[in-house]
Amino acid sequence: MSVTILGIRHHGVGSAKNVLEMLQKLQPDMVFVEGPPELDVLSRWVGEKTLKPPIAALCYDQDAPQRAVFYPYSEFSPEWQTILYANKQKIPVRMMDLPVAISWEMAKLKTEKTQNKAQNTEGVGEEQEAAMPIHKDPISYFAEIAGYSDSDMWWEHHFEQRYIAKSAEAHFEAVMLTMQTLREEGTPSVLDEENVYREAYMGHLIRQAQREMYQNIVVVCGAWHAPALLNLEKTEAEHAKIVKKLPKTKIKVGTTWIPWTNDRLSFRSGYGAGIHSPGWYSHLWHHPKDNGAIWLANVARLFRKKKMDISTAHVIEALRLSESLASLRDLPKPSLWELNEATQTVMCMGDAILLELVKKELIVGHALGKVPSELPKLPLQNDFEELVRKLRLSQTAEKKDIELDLRKDLDLNRSIFLYRLKILNIEWGKQAYARSKGTFKEVWTLAWSPEMLVNLIEKGIWGNTIIEASSKFLLDKAANSQSISHLSDMIQQAIPAELFEAIEVLLLKINELATISADIMELMAAIVPLADVGRYGNVRKSDLTAINALVEGMIVRISIGLPTAAYGLDDEASQKMFDLIRKVNDSVRLVENEALTEMWFKTLAILVDKEGIHPIVQGCTCRLLCDAKVLDTEGVSIKFGLALSTGNAPDYSAGWIEGFLKGSGMILLYDDTLWNLLYKWVSELTDEAFMQLIPILRRTFSKFDVGERRHLGEKAKRGVVFAQNHITQDLENEYFNYELADKSLGLVAQLLGLV
Amino acid sequence: MKNVLRQHAEHQFAEEIAELTKQDTYERPPNWNMSPKAVVTYLMGGKLKNGFEISPKYVGNPRLMEIAVATLTTDRALLLYGLPGTAKSWVAEHLAAAICGDSTLLVQGTAGTGEEAIRYGWNYAKLLAEGPTENALVVTPMMQAMKIGKIARIEELTRIGADVQDTLITILSEKMMPIPELNMEVQAVEGFNVIATANNRDKGVNELSGALKRRFNTVILPVPETMKEEVEIVQRRVSSLSKAYKLPAEAPALQEIQRIVTIFRELRSGVTADGKQKIKSPTGTLSTAEAISVVNNGLALAAHFGDGRLSAEDVASGLVGAVVKDPVQDKIVWNEYLETVLKTREGWRDVYRACKDITL
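Chains P and Z, in that order, are what the protein sequence lines are.
In case it helps, the working numbering puts the first sequence at residues 1 to 755.
In case it helps, the working numbering puts the second sequence at residues 1 to 360.
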């Protein structure tokens, strides 16, 4: 009865090669692979043509699918190759690790315990936090001695890159010795506590197999665990004791294969070890003897495809440099690091940006896995069906309109659900125009098609519930976007879908972009919805202070940048700027922060006097300052007079008036000084200039409402108003009854809100 | 020799070079004074087997120096590329000093550099007297390096006109320089190579032609990666410089240097040091060399016009001058930075005030 332990690195190419060699040599009658036993049911699919790596084995809690763990496999993973070998040889293969259900149960108990403790001993609980020590990667002790700055690099050079045929036995002996030394020294590892249970369970499972009379067992597991699984007789009692202590659990774990991508292989999930260069590993797997020439030729082809001139001479020079770098560093052949450095130095003019392309296309690569359709259903699918049932929606292909009243819970949840699907690009429902007014009504047209199911399955990698998947999918999209307006669109999508977490992240991202953006107008456009959200608390559960801080920061930036941004704009852009300034002004008033308001008005004051600003903008800022009483009547009339003085071209003055009066002409009715200035200006215009300006003036005045226009017309008939006369006339009306007036004053004051 | 303002690297660090050569057991490429490994040690610093301490010349990623040295062992020339003030010339000088003990074979590239500065010129008096003979040739540093198998340096390669740059192609690919007037050629001796420096920020530079590019391996020297590295560089250089200029001011407090470096790093990288807030970057380069000059400038102000201690006011004017290079764009950047970052930062009130006083 022999048990052979092969310590590997997850996804290690050299490990995989050596494991295969050992398997062929030992011809075992059963194999163990590290991984939770729940995955046993999935092994039989390995080897089917329809199951193509990169894929991941997914374990999820059937009652709470958002709790899940992934075990990704690529073609060159030692685990994958081992299972493949076992299936081909038709020998049993079993997974070996602590069951996922038990580790979840333990985590649950632990949090409950700490919670209880915290309740019992309030204040003392802080010590608990500090107790978690930060360990460094145990392998780094070796790496440091060997002069490597990176422990991965050390391992890579020694165990993964040089596969020498017929030396697998020596390879695994070396790995075992390395790990044994580290463990005997008591080198701490991050997962120490957990490992005690895991390794005891591993031993327990192997012993079980021994009792089933398997004669020649091969165990493939992470190198760190290898020494713990030696001498199974000696550790039997100790392991049994630990296994007995493990909690019982009722957690039901569902499993299935899901398609994976190369860039997701770098995620730390399941094995707790991601890889950052799956494309490079795949290259090593397929071309074990390559000295770098094939790799560099591929790099050159990639650059050529992107229209860059890379000759064969470049490849030769890069290979030579990588070789001399390798010899400077005492390596038998260049590794990815040397090849990258040579590529950067020779082909990219030292520029690391181009290397990013190589990283994306070759080092990581775009491989996408496939899974057979007859696999067990994904949790995301289950969640979807559960929701459809709960929300009483029917999946029919024919179009059907539903009207939702958002004041009712069911309808609100339906709307949220449909918005979330929309975010996932599943357009089951299309929003139609609601006939009745009011924000609580929504009309949706539903039409289901089978492709949507495929689409849904594809989204399985984003999460196990609709809410999780839509949130993560949206955030991934946000991560790739650099436009503020795009992101505020996303916020608009996320609000009805009630993805509060996503909203917070989106806000952060907008903040980042707002900071580096030099486009003040884009900032100004983005601030309005944000200020609304911050003021009225549209986003109910989101942290409002974060939004307000964001808005305040944006106002500061706008205030600083506006004078430059408004400089030298043409007519069209100025119209836009005019609108934006008024909107920002509203937002500033909403925010009600004194210091910011002051800063904003200071900026406006600069605009009013600055040369080179379009008159419509200047008129508008003057009006805003006037409305806010920053400029008093006298100040305004000075500005007004300056703008209308004959020194200016008539169209400048007309533009200024448009900016000043746009929206409301009321001010002309009660401020006679301004009225007189305007009246005088118009009357002094030459006929020719007047004809020219008519369209602009009409554009301004036609927007006032009818009543206003009529009053203005009447006032214009009277011509220049002599203020003093006007007032005294009114007061000296002989029929004026002071007594009655006095009586009504109280009520008027109340109506005006003065009391 | 004692009175020169600045010594050549091979003289200043003669002892270190001698010790390294003595201790060096690895194989040396032909005509090299030491092995590639020893050259890297000379640049990065370290302790030799006998305990002798080598001071670091370059503070930063050792892998970059390895690439540079490995390039020089192949027959490709080395181009050190980067922002102004990232120690390109400094590294080039030390590389030449370590490899061949001579950093003086230098051609300074300018817009006016002609072919005769790179290939050869004529001594016209002799040319008239003797006719075209070898004796009448004016040997350039480049030709000299080829003859004796040493490293030639070209400073600011991209400032040289494109047609003149291209004379390098024959030298770098054929390793020879024809002299048609004398019907002869100079062939490079083993050990010859070229280190060129160029900066990628200047406007109006002459891009290298594709053919010439292919003869160079390019190493980009980045701005210092960590705060610690940068503070170390600034402090090292400031203390050696203030000795040279005999500034009577007190040695600058580490805190003040840290603050300057923090401002430089934040503006350069566009993120605050805590990584929480993004900010705009100005148009200037804000290199470490500029940080050094800001500190020096402040020290001089403090010594001659202040109380001898470096304060925020002394630094502020230099700081604003270094950051605001473009009067329109950079002013916005700087004002935003002052208002959104410095204003609220605890303990930085004095810096904010001092800078605010200067800003228009």
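These aren't lab readings, by the way, just hints derived from the structure by calculation.
Heads up, a few of these hints could be off.
[What the hints assert, rightly or not] For lysine-lysine, the following DSS-like pairs were computed, each having C-alpha atoms within a straight-line distance of at most 25 Å:
id	chain 1	residue 1	chain 2	residue 2
1	P	K359	Z	K213
2	Z	K213	P	K509
3	P	K359	P	K400
4	Z	K37	P	K610
5	P	K307	Z	K325
6	P	K306	Z	K213
7	Z	K175	P	K333
8	P	K509	Z	K343
9	P	K602	Z	K280
10	P	K305	Z	K213
11	P	K610	Z	K325
12	Z	K280	P	K509
Keep in mind that this is a model prediction, so the values were computed, not measured.
Right, here's what the structure says about each hint:
As the CA atoms of K359 of chain P and K213 of chain Z are separated by approximately 23 Å, the hinted pair is consistent with the 25 Å bound. Only pairs whose Cα atoms come within 25 Å are accepted, and K213 of chain Z paired with K509 of chain P is rejected, the gap being roughly 40 Å. For the given pair, K359 of chain P sits about 48 Å from K400 of chain P by alpha-carbon distance, which is inconsistent with the 25 Å threshold. The straight-line distance between the Cα atoms of K37 of chain Z and K610 of chain P is roughly 63 Å, outside the 25 Å bound, and the hint therefore fails.
For the proposed pair K307 of chain P and K325 of chain Z, the alpha carbon gap of about 36 Å is over 25 Å, so the pair is violated. In summary, the hint linking K306 of chain P to K213 of chain Z is supported, as the alpha carbons are separated by about 19 Å, within the 25 Å threshold. Straight-line distance between C-alpha atoms of K175 of chain Z and K333 of chain P comes to about 29 Å, which puts the hinted pair past the 25 Å bound. For the hint linking K509 of chain P to K343 of chain Z, the alpha-carbon distance of about 23 Å falls within 25 Å, and the restraint holds.
Restraint check: the Cα-Cα separation between K602 of chain P and K280 of chain Z comes to about 22 Å, which is no more than 25 Å; the hinted pair holds. Restraint check for K305 of chain P and K213 of chain Z: satisfied, since their Cα atoms lie roughly 20 Å apart, inside the 25 Å limit. For the given pair, K610 of chain P sits about 23 Å from K325 of chain Z by alpha-carbon distance, which is consistent with the 25 Å threshold. Under the criterion of a C-alpha separation no larger than 25 Å, the hint pairing K280 of chain Z with K509 of chain P is consistent with the structure, at around 15 Å.
Consistency note: the structure conflicts with the earlier hints numbered 2, 3, 4, 5, 7.
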